[in-house]
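Asks: With chain F's structure known, arrange chain X on it following the hints.
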Amino acid sequence: MWTGFKRIVRSGFVGFWRNAFVSLASIFVMTVALLVIGATMLSDQLLGVTLKNIQDKVDINLYFVTTASQEDIDALVARLEAMDEVTEVRYTSRDEALTQFRERHKNDELTIQALEELGDNPLGASLAIKAADTTQYENIATFIEEQRALEEPQAPLIDEVNYFKNKGSIDKLTGIIGAAQKASVITLAVLMIAAVLITFNTIRLAIYTTREEISVMRLVGASNTFIRGPFMLQGLMYGLIAGVVAILILYPVVLWIGPASESFFQFNLFEYFVNDFVHIFSVLVGSGMALGLISSVLAVSRYLRV
Amino acid sequence: MIYFDKVSKYYNAGQSIAIEDVTFQVAPKEFVSIVGHSGAGKSTLLKMLIAEERPTTGQVFFESLDIHQIPRVKLPKYRRKIGTVFQDFKLLPHKTAFENIAFAMEANGRADDEIMENVPQALALVDLEDKSWNFPHELSGGEKQRVAIARAIVNQPDIIIADEPTGNLDPIATYEVVQILRKINDLGTTVIMTTHNKGVIDELGRRVITMDEGRIVRDDQEGKYVL
Numbered sequence: 001m002w003t004g005f006k007r008i009v010r011s012g013f014v015g016f017w018r019n020a021f022v023s024l025a026s027i028f029v030m031t032v033a034l035l036v037i038g039a040t041m042l043s044d045q046l047l048g049v050t051l052k053n054i055q056d057k058v059d060i061n062l063y064f065v066t067t068a069s070q071e072d073i074d075a076l077v078a079r080l081e082a083m084d085e086v087t088e089v090r091y092t093s094r095d096e097a098l099t100q101f102r103e104r105h106k107n108d109e110l111t112i113q114a115l116e117e118l119g120d121n122p123l124g125a126s127l128a129i130k131a132a133d134t135t136q137y138e139n140i141a142t143f144i145e146e147q148r149a150l151e152e153p154q155a156p157l158i159d160e161v162n163y164f165k166n167k168g169s170i171d172k173l174t175g176i177i178g179a180a181q182k183a184s185v186i187t188l189a190v191l192m193i194a195a196v197l198i199t200f201n202t203i204r205l206a207i208y209t210t211r212e213e214i215s216v217m218r219l220v221g222a223s224n225t226f227i228r229g230p231f232m233l234q235g236l237m238y239g240l241i242a243g244v245v246a247i248l249i250l251y252p253v254v255l256w257i258g259p260a261s262e263s264f265f266q267f268n269l270f271e272y273f274v275n276d277f278v279h280i281f282s283v284l285v286g287s288g289m290a291l292g293l294i295s296s297v298l299a300v301s302r303y304l305r306v
Numbered sequence: 001m002i003y004f005d006k007v008s009k010y011y012n013a014g015q016s017i018a019i020e021d022v023t024f025q026v027a028p029k030e031f032v033s034i035v036g037h038s039g040a041g042k043s044t045l046l047k048m049l050i051a052e053e054r055p056t057t058g059q060v061f062f063e064s065l066d067i068h069q070i071p072r073v074k075l076p077k078y079r080r081k082i083g084t085v086f087q088d089f090k091l092l093p094h095k096t097a098f099e100n101i102a103f104a105m106e107a108n109g110r111a112d113d114e115i116m117e118n119v120p121q122a123l124a125l126v127d128l129e130d131k132s133w134n135f136p137h138e139l140s141g142g143e144k145q146r147v148a149i150a151r152a153i154v155n156q157p158d159i160i161i162a163d164e165p166t167g168n169l170d171p172i173a174t175y176e177v178v179q180i181l182r183k184i185n186d187l188g189t190t191v192i193m194t195t196h197n198k199g200v201i202d203e204l205g206r207r208v209i210t211m212d213e214g215r216i217v218r219d220d221q222e223g224k225y226v227l
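First to last, the protein sequences are chains F and X. Just so it is clear: in the first sequence, position 197 is 197 by this note's numbering, and no numbers are missing. Just so it is clear: in the second sequence, position 102 is 102 by this note's numbering, and no numbers are missing.
Excised from the complex, chain F in its bound form (with noise of 0.2 Å):
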């Protein structure tokens, strides 16, 4: 038993060295598919990242009037916080309002000297409202036109929804992540497939090369897990190989692409590299390993058949 591993794995190795031009283009096809695959998780990721910042920038802010009472406001808040849909509800009150007007104008003269003038506070407070989807504003600000409509004539509490006003570019965005989300996972599914069948193909080819080796190994009496062992082992050392080629060649491009992506999407495609370097690593060196297993047996199992 032990011999026999030892034979099978020894008998790999020195078929890998002696068909060294065909391990060599082997492992070259699989680096490039297992490149595909691992540049389509960085840009899933990034694309991921990108869609929810973009989402995060929106949201439904709502103006009381400067009659407001702070209990109104405190049972309207709370009636939002109870809804499903939303996530946050951030509160501006009247002063706070007042303090980032100032600050936002403070080197136009023009526009303190009239607030000055008026002496009292003319902004109301105002609500931020966020869902966890673009999709849900719409129950929420239905909802919100619900509460106007309860409201009495002679003391109106809310002043101004923006949500009607940026209908059109919500609506809109909605639409875009979601086509966006669709042809990532499109893609991605198309690549992952094209790269598992390259890798197939290339190595039956390999393998195809050396079908009368195996036939000849049948006649002479070796069993089937020893002709097939070496085959196996040569797999994975393939899918190894290529693993970590990829992830060598993925280095200095995400160290180059970091900076660029940093300032463009906000978000550090090197930092998310080195910190998920277990997680990419597992799954390039991973599926390079179980593609190239996978592969061998299949292809060898054609031509045990004598």
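It should be emphasised that the hints constitute simulated quantities derived from the structure, not laboratory data. C-beta: ideal position from N, C-alpha, C; glycine also. Please note: incorrect hints may appear among the correct ones.
DEER-style ranges, computed between Cβ atoms [to be verified]:
1) F:V14 with X:Q121: 18 to 28 Å
2) F:L24 with X:M116: 49 to 59 Å
3) F:F277 with X:A111: 40 to 50 Å
4) F:V14 with X:K81: 25 to 35 Å
5) X:A111 with F:V14: 42 to 52 Å
6) X:Q121 with F:V36: 48 to 58 Å
7) X:Q121 with F:F277: 52 to 62 Å
8) X:V73 with F:F13: 25 to 35 Å
9) X:V73 with F:L205: 22 to 32 Å
10) X:T56 with F:L205: 33 to 43 Å
11) F:V14 with X:E114: 13 to 23 Å
12) F:L205 with X:K224: 49 to 59 Å
Keeping only pairs whose Cα atoms sit at most 27 Å apart, straight-line, the calculated BS3-like set for lysine-lysine is [to be verified]:
13) F:K130 with F:K52
14) X:K29 with X:K77
15) F:K106 with F:K6
16) X:K77 with X:K183
17) X:K74 with F:K6
18) F:K6 with X:K95
19) F:K6 with X:K47
20) X:K29 with X:K224
21) F:K6 with X:K77
22) X:K29 with F:K6
23) X:K74 with X:K29
24) F:K130 with F:K6
25) X:K47 with X:K224
26) X:K47 with X:K6
27) X:K74 with X:K131
Replies: Same frame as chain F, now just chain X:
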């Protein structure tokens, strides 16, 4: 030792006949040559012996064992009892002469020290000690065939099957290969060989089975090549 019992083999659902109603026996330590034109069914007979082909009807026995009842997983073990030599040598191109012979022993699960001892002996028997580390493409046709014979005998099989072993060889290499086969037979191994070569048959002076169109037409104990 080997017994073909009313064996027939048809291809294309009975359209073409490879072998028809063949019955013969081979005793231990015999040297049997099978002769006949191309397509007479010689190779088919040998392929049935190593279970590469199945008969359409009839049975083939190795001792008391019906060869074609052997389950697929046990075939490798059966094939190790038979040494095979082919017209096109069928050496493993990426292995040296030594490794080609050692492979047959490794496949047989033999120990390393046995391999180190027996492979040089087999190489010595075919007079190729100085070529052990050459790859097949560095050897001449005769040398390749001698390596193939060494591989066939290294596991001390009960029987050697040689399918046109001299078909691709020049007269001198042919003579050498036949002498080696004769030596192996003298050492007590049964040899079954197919050939086209009249000179080889006449020189051997052993049993000859003559086939024509899938049937045995002659079986002479000290045969000549008659066709």
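Asks: What's the verdict on X:K74 and X:K131, does the C-alpha distance respect the 27 Å limit or exceed it?
Replies: violated, 34 Å
Asks: Does X:K47 pair with X:K6 here, judged by a C-alpha cut-off of 27 Å?
Replies: holds, 16 Å
Asks: Do the alpha carbons of F:K6 and X:K47 lie within 27 Å of each other, as the hint requires?
Replies: Not OK: F:K6 and X:K47 at ~32 Å, beyond 27 Å, violated.
Asks: Could one say that the CB atoms of X:A111 and F:V14 fall in the range 42 to 52 Å?
Replies: The hint (42 to 52 Å, Cβ to Cβ) is violated, given that X:A111 and F:V14 are roughly 20 Å apart.
Asks: Could one say that the CB atoms of F:L205 and X:K224 fall in the range 49 to 59 Å?
Replies: Since F:L205 and X:K224 have Cβ atoms about 50 Å apart, the given range 49 to 59 Å holds.
Asks: Is the Cα-Cα distance between X:K29 and F:K6 27 Å or less?
Replies: Violated: X:K29 and F:K6 sit about 37 Å apart, past 27 Å.
Asks: Within 18 to 28 Å or not, the Cβ separation of F:V14 and X:Q121?
Replies: Holds: the Cβ-Cβ distance is about 23 Å, inside 18 to 28 Å.
Asks: Determine whether the Cβ-Cβ distance between X:V73 and F:F13 falls within the hinted range of 25 to 35 Å.
Replies: Between X:V73 and F:F13, where Cβ atoms are some 27 Å apart, the hint holds.
Asks: Given the hint that X:K47 pairs with X:K224, test it: the Cα-Cα distance must not exceed 27 Å.
Replies: With Cα atoms ~24 Å apart, X:K47 and X:K224 stay inside 27 Å; holds.
Asks: Quick check: does the Cβ-Cβ distance between F:V14 and X:E114 fall within 13 to 23 Å?
Replies: holds, 20 Å
Asks: Evaluate the given range 49 to 59 Å for the C-beta pair formed by F:L24 and X:M116.
Replies: Because 33 Å falls outside the window, the suggested range is violated.
Asks: Between the beta carbons of X:Q121 and F:V36, is the distance compatible with 48 to 58 Å?
Replies: holds, 54 Å
Of the numbered hints given earlier, the model fails hints 2, 5, 15, 19, 22, 24, 27; all others are met.
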